[in-house]
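Protein chains: 2
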Amino acid sequence: MPYKLYYWGGIPGRGEFVRLAFEAAGTDYVDVARLPGGLQEMLALMKDPGAASIPFAPPFLVDRDLLISQVANILFYLGPRLGLAPQDEGLRHVANGLQLTITDLLAEIHDTHHPISVSLYYEQQKPESLRRSAEFLNNRLPKFLGYFERILNRNPAGREHAVGKELSYVDLSLFHLVEGLRYAFPNAMRVHEPRVPALAALHDSVAARPRIHRYLASDRRLAFNESCIFRRYPELDQQV
Amino acid sequence: MPYKLYYWGGIPGRGEFVRLAFEAAGTDYVDVARLPGGLQEMLALMKDPGAASIPFAPPFLVDRDLLISQVANILFYLGPRLGLAPQDEGLRHVANGLQLTITDLLAEIHDTHHPISVSLYYEQQKPESLRRSAEFLNNRLPKFLGYFERILNRNPAGREHAVGKELSYVDLSLFHLVEGLRYAFPNAMRVHEPRVPALAALHDSVAARPRIHRYLASDRRLAFNESCIFRRYPELDQQV
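Chains A and B are the protein sequences, given in the same order.
Residue numbering for the first sequence follows full-length UniProt numbering, beginning at 1 and increasing consecutively.
Residue numbering for the second sequence follows full-length UniProt numbering, beginning at 1 and increasing consecutively.
To be clear, the hints were calculated from the coordinates, so they are not data collected in a lab.
A quick note: this is a predicted structure, and the numbers were derived from the prediction, not measured.
Each residue gets a CB set at the ideal place from its N, CA and C atoms; glycine is no exception.
Wrong hints could be hidden among the right ones.
[Unchecked claim] Per label pair, the in silico range of CB-to-CB distance:
1. A:H213 to B:K47: 48 to 54 Å
2. A:D219 to B:G146: 34 to 40 Å
3. A:R195 to B:D88: 57 to 63 Å
4. A:N225 to B:E160: 20 to 26 Å
5. B:A107 to A:G10: 21 to 27 Å
[Unchecked claim] Taking lysine-lysine and the PhoX-like style, the derived pairs with C-alpha atoms no more than 25 Å apart in a straight line are:
6. B:K143 to A:K47
7. B:K126 to A:K126
8. B:K165 to B:K126
9. A:K143 to B:K47
10. B:K126 to A:K47
11. A:K126 to A:K165
12. A:K165 to B:K47
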């Protein structure tokens with residue numbers, strides 16, 4: 001029975017980090033909410049009064065009778081099963097620590113356009129978004145990018161990967177992070193990317209992998225848009 | 001060799017979730033940065049140019065030659081070793097999913113007083129904090145509390161624990177969450193707590209455990225204060 005991924009259709013969002021793992025491994029999966037009736041199935045599962053394990057929010061994974069929520073948790077579970085995690089248990093926790101730092105960064109990226117509330121539209125929190133985005137681009141983004149660059153440069157197995165000597169789900173997530181940042185903040189990334197060459201090289205090497213290359217060209221890959229975490233609001237980008 | 005926890009001294013902060021696990025298990029640990037010279041040791045580790053595994057931020061755990069960062073990751077690692085995680089692998093991922101939802105809530109609590117930037121003082125982002133806190137108390141806090149209440153009520157092994165039939169690190173974290181929320185938002189919690197009786201009962205049962213009871217009365221337990229995640233700014237609390 002294939003793995004079932006439950007996530008909102010129409011945006012790459014947080015579900016994309018899980019999709020990339022399935023796609024890179026060439027593993028069969030069902031992206032449930034993108035099938036006819038799938039959204040209703042997802043919402044029913046989230047509200048099932050008989051279910052013991054209920055997620056706070058999508059994405060979640062169903063593997064037979066197990067329901068696993070939270071992206072980093074899903075990837076920690078899938079990593080060894082898809083051949084996308086280190087063999088060594090200690091290194092698996094190193095990978096998980098990096099994935100959780102990516103999670104933190106994603107939350108900060110989300111809050112550049114929603115600094116006050118997820119219940120309000122961007123347009124209802126625009127002055128705060130302008131202020132938060134400027135702080136994010138000046139202080140936080142370079143700190144996070146520099147951190148991941150150091151992680152790559154210090155990997156004892158080589159700067160081609162974040163952890164260990166093989167592709168892991170952390171590499172795939174870093175690829176998507178760069179993709180999203182380029183979409184949302186093109187001006188800022190033109191300034192910052194040259195300072196993180198190992199991260200940029202990792203991005204390119206992931207994009208060039210045959211399965212990922214085919215996936216990116218397929219209609220399974222959703223385009224970024226302004227309902228996603230990564231949004232292109234030119235007024236929030238670095239001004240040139 | 002005892003486990004070494006590295007976290008800022010002077011605040012419970014995120015380190016407290018790890019301390020509670022050690023204390024509940026009666027496990028020997030060193031709270032490094034609270035010892036003379038410990039803060040310097042922590043900062044040196046974070047900047048060590050030779051280290052492969054560097055944390056983005058405290059807390060992190062050192063167990064022999066392994067350095068593990070991110071609270072949920074540390075607890076996932078320690079859980080089975082301290083007897084504070086379910087035996088079943090699937091349930092361990094359920095526990096991790098819950099812990100990561102607590103992590104998300106903590107980030108939202110932090111941002112009630114820092115909605116714009118961690119580089120600025122609260123006083124420099126007070127109008128935004130007032131707006132974000134009101135949204136948090138009206139929409140997000142009841143949603144999260146209601147979620148954890150449902151998790152307890154639907155636990156097939158009984159509502160005394162979040163996962164499985166024994167104490168886990170998730171229970172300890174929920175205890176501290178309630179403690180912190182009572183400190184930061186006493187008015188709001190007086191309204192919300194009666195609606196989540198299983199969560200309130202879990203809080204009390206954790207507090208009554210002999211080792212936790214002794215810990216809370218000891219000088220190892222740091223008091224909440226306005227440098228922590230949970231801050232008591234009366235203007236941000238629900239107005240009565």
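Quick rundown of the hints versus the structure:
no. : hint                         : result
1   : A:H213 to B:K47: 48 to 54 Å  : violated (38 Å)
2   : A:D219 to B:G146: 34 to 40 Å : holds (38 Å)
3   : A:R195 to B:D88: 57 to 63 Å  : violated (45 Å)
4   : A:N225 to B:E160: 20 to 26 Å : violated (45 Å)
5   : B:A107 to A:G10: 21 to 27 Å  : holds (25 Å)
6   : B:K143 to A:K47              : holds (13 Å)
7   : B:K126 to A:K126             : holds (16 Å)
8   : B:K165 to B:K126             : violated (44 Å)
9   : A:K143 to B:K47              : holds (13 Å)
10  : B:K126 to A:K47              : violated (37 Å)
11  : A:K126 to A:K165             : violated (44 Å)
12  : A:K165 to B:K47              : holds (24 Å)
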